[in-house]
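Full structure from sequences and hints, please.
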Amino acid sequence: MQLSLALLALLACSSSASPIFGTCNATTLKTCFDTYIQNFNISTNPLADYVSYATARAIYLDHAAVPGQKNVCQWQHELEKCLGSMVDACMTTLVFEGSMGVQRNEAVVYQTDFHQQLYQCGAGYKTLIDNFYCLHSVRRDPSSSDQLRACDEQLQENMASGFKCDYYNTYINCYRKVYSNECGQGVSKYVCNFKKASIQANTHVCDPSLLQC
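Numbers -17 to -1, 1 to 196, taken from mature numbering (1 follows the signal peptide of the UniProt record, and there is no 0), label the letters of the sequence shown in order.
Keep in mind that a hint or two might mislead.
Lysine-lysine pairs mimicking DSS-like chemistry, simulated, CA-CA at most 25 Å apart [what the hints assert, rightly or not]: (1) Lys64 / Lys53; (2) Lys160 / Lys172; (3) Lys64 / Lys109.
Derived CB-CB ranges, DEER-like [claimed, not checked]: (4) Lys109 / Lys64: 13 to 23 Å; (5) Ala9 / Arg123: 31 to 41 Å; (6) Pro50 / Leu194: 29 to 39 Å; (7) Phe115 / Glu61: 13 to 23 Å; (8) Thr14 / Arg132: 30 to 40 Å; (9) Asp149 / Lys172: 18 to 28 Å; (10) Lys109 / Gly67: 17 to 27 Å; (11) Ile112 / Thr38: 15 to 25 Å.
Please keep in mind that the hints were generated in silico from the structure rather than gathered at the bench.
Backbone N, C-alpha and C define an ideal beta-carbon position, used for all residues, glycine too.
In structure tokens, the structure reads:
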């Protein structure tokens, strides 16, 4: 699954974590992240825009399939190990923005993606691997893609009328339904937690009321 533009726009506005450079070494973050991103053969100086990174990863997964996904998770784990105890301090929007020299919206999507992969390559790993081909194909199916786009648009419309945490739950359930219809109920929890990871990477305001996947 890729980050949706609708959610990203909202997260860019809601991302409010303050920088904690005191516990994140900017040089270490750049070194670790550059090493990670080089696995996809894209620019690190300056850091390629997120769309280029996401596209390169998607193309790699298209060709390498499950073995490729296992490699991506291995690279993710190596990035986590490289950052060590600084992971939480370094992987926030403002710290990533300052350390990597990118615009705010780019920092939002990069660090959000990182937290999604924490789940994908951690607690969600078995479900991801077991259902790789179906999960990977949903956005390519015109009907499913249209349904996911409708989920995104509904979230935008809802939030435009005033912020409510319940709108996130509606959004999560919308995605769950699309993926479950295509891949079975076994992926419902995975999709729920994946979407929650996107939200919680940027704000914890809604934590008490977000769905218990």
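Hints, one by one, checked against the model:
1. Lys64 / Lys53: holds (16 Å)
2. Lys160 / Lys172: holds (11 Å)
3. Lys64 / Lys109: Satisfied, since the Cα-Cα distance of roughly 21 Å is no more than 25 Å.
4. Lys109 / Lys64: 13 to 23 Å: holds (21 Å)
5. Ala9 / Arg123: 31 to 41 Å: holds (38 Å)
6. Pro50 / Leu194: 29 to 39 Å: Since Pro50 and Leu194 have Cβ atoms about 33 Å apart, the given range 29 to 39 Å holds.
7. Phe115 / Glu61: 13 to 23 Å: holds (21 Å)
8. Thr14 / Arg132: 30 to 40 Å: Given range 30 to 40 Å: holds, Cβ gap about 38 Å.
9. Asp149 / Lys172: 18 to 28 Å: holds (20 Å)
10. Lys109 / Gly67: 17 to 27 Å: holds (25 Å)
11. Ile112 / Thr38: 15 to 25 Å: holds (22 Å)
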